[in-house]
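Novice: Spelled out from the first residue to the last, the chains are:
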Amino acid sequence: MWLDVFARILVVLDWSILIYFLLVNSFYGLLLLAAAWELRQHVLQVRGESLWRVLGSPAAPSISVLVPAYNEAATIGESVKALLALHYPSLEVVVVNDGSKDSTMAVLLEQFELASIHLVYRQQIQTKPLRGRYRSRSHPNLVVVDKENGGKADALNAALNLASGQLVCAIDADTLIESDGLQRMVRPFLMGDEVVAAGGTIRLVNGCRVVAGRVVRYRPPRRALVGFQVVEYLRAFLFGRLGWNRLGGNLIISGAFGLFRREALLTVGGYARDTVGEDIELILRLRRRGYEQDLARRVEFIPDPVAWTEAPESLRALGRQRDRWQRGLADAMWRHRQLLLNPRYGALGLVVYPYFFFVELLSPLVEALGLLGLVMGLILGAINLPFATLFFLVAYGYGLVLTGCTLVLEEMSYQRYEGLRDRLIVLFWVLLENFGYRQINVFWRLRGLVKYLRGKTDWGAMERKGFSASARSPHS
Amino acid sequence: MMVWALVGEGAILGTALALWFGHGVWLRWHRARTGPVLARARATLAEALENGQLSSLNLQLLQTLPFQLQIKLFSDVAPSLGGTQRRWLTTLAEELGLIAKAERLCLSRFWWRRLEGARLLTLLGGRAEATKPLLQDPHLMVRVPAIEWAADHPTPDLAIALLALLDDPSGLNRLAVQDGLLRMGSIAVDPLAEYLGSHSGHQVVPALEVAVGLAAQPFLGPALELCEDESPKVRALVATLLGVLGGIQGVSKLPTFLQDPDPRVREAAARATGKLGFWPSAPRLATLLRDPVWEVRRESGLALRALGSPGSLVLRRALSDLDPFASDIARQVLDLPDPAGLATKR
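So the sequence lines, in the order shown, correspond to chains H and F.
If you read the first sequence in our numbering, its first letter stands for residue 71, the second for the next number, and so on.
If you read the second sequence in our numbering, its first letter stands for residue 8, the second for the next number, and so on.
Be aware that one or more of the hints could be misleading.
What the hints assert, rightly or not - Residues from chain F shown here face chain H by an in silico Cβ test under 10 Å; the list is partial:
no., residue
1, 174
2, 177
3, 180
4, 189
Hints in this document: simulated from the structure, not taken from any laboratory.
Predicted model, so just to flag it, every value in this text is computed and none were measured.
Built from N, CA and C at the ideal position, the CB exists for glycine as well.
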């Protein structure tokens, strides 16, 4: 009898989860349509545009690029040179050496002829003490700050205090920005005063050919782990975030590359130091403040591929990253739980926050339960094969269809894949993604949730290879 | 239900992948076919630019290129040219019928076609009759290339037309107008001075920003009239403008701004005073070291430093000021260590 009851519970559970996936994937379908429309409008607007003209004008707002660096000796020289070569008329680069234990500071001192300076500035946000401030003799728009270790958020806040630009661009030290990336990213801020932050498409640099800090040849990765991540990033950026543009609800600006109004960041107190999800937490805070004080609150996403970053290449590093992202998301959701279904916050409270809570945050739990329930149901005979197949079709097949459509969006716009071979490689990763990779992601995200509930707050270590190592021989 | 789901998903996925691969194949074929043609056309055009003339055979080669390739060819070359070569290129574009095509696009009811036409006319050098009306186009994106075109063909009439767009609801268009006026340079000075003299309040803010960039003496009269404007943003920009223009009349107004009730105006006036090196203002700047707003204290301190010896003297005296914020800013500006090791904040 108990077995019967249990079997019925399993059936109800699996049907509920099936409906959950149907609803979620249908919403993704809506996002996809919104993304397609948004992309079309964007391509029509930028096609044939001469970026150097208006967007390269001295009248355009000044930008300070904030670069937190911790143990980045392998890549910092190349990264900073590439930043200084960006095409933008009023550009300042502020690098913060966050108490690195390696030779990051020595590399900077040597490669950029740094001279100690005295800046009169107000420390609007408290940070760990600064040990020195420098300006480059060879590149006067480069400022370097040496400080005690305080974490990424602390380093960004230190840079924010010192920055002089009207807009600030927060990046990771190993992010490679396309030479016209800032010109593209500044556009939403010019279209209207209601934009407070903007993000762009991040692509993975692993396997690409990088020369002097620029990606000169894009190749889809040959390694499975990176290949799956490429597919994920395509989906996340090209249909996820672009779709939210049209639905008015971007909540994530990648920590690897985001552009903000400096005054707005200072007003909300900069980045939170006691969370590993400082990027999403900041956006929530900015948007909340916008609603509460009737200020700028729009967060835009630019579909142009504007920046490149290195993806983890080992299971361990990737697991830590996904674990941390889930913990960051959980923390941000908890801190701003007042938004949930709160009409005071408009679309943010009624659509965006609930989506991120019930889908992004809880979907690994739902999926794990669903899979477990399915397997047990099949074993107990409570669920038949047709239902199991239907479950897979809704949960995974639908996702595969969405990914396929995302490839079409990519083709409509940026056409990064050259040749049949590159496309076949990408297709291979698309087809395989749901067999193992997706499930292990569920595990990592669940682990992150559990760790969050247990109060774990550290970052973990990321293994950096540097771009020279990731560049492939032109003959391969 | 399962079968329908399977069929539906399969169909959509199959279509998407077919489109993706199919387009890839077509793109590869297209690039292979047009690459050599475009290279030959580029070489022909480069040779013609050097010689200043094009043989009928080479003209035929360019005429046989598809429209999109012709546009690509001209887009690659035009931004690098100026003067006689640019005018020659415009004549060539006319001969090839590109300008006429672009003008026809500008009459389309679809904004993206008008945008394409406007960009082409800006690139190729369109006629005023076709381009000037686009300054009033209902779609904000179409107005931008028209503004760029106007900046490339500076006349007082076009400067006046651009000034009328300074209150455009689109920030991008306002930036384009400001950029355009700056590029126009001396031609925009008189129309801008007249505009400043006949407008006030928030309307003049973008115009004042341009005036600061152009820094021409005809702006002095209107700037002095705007000294009493109600808007603090206007007064702050006037202070900045007076700082770049200099002269007795302008400088004599700055001390008044140093006492303005709005901190943005005081900050701008302090910065302007430092820039001008007007040392008699040192006592006034000294009082601003006690200002409740940090930015004003900072600019006053920096201005005093910029004044040289008189300013440094004032700063050194401020080190022992009873007001801790005055002494702190003086210490910061003079680059002296913080005796308490604590940051002073207000």
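Novice: Taking the hints in turn, state whether each one holds.
Specialist: To see whether the hints hold, each was checked on the structure:
no., hint, result
1, 174, "violated, 14 Å"
2, 177, "holds, 6 Å"
3, 180, "holds, 9 Å"
4, 189, "holds, 6 Å"
Hint compliance for this structure: hint 1 is the single one not met.
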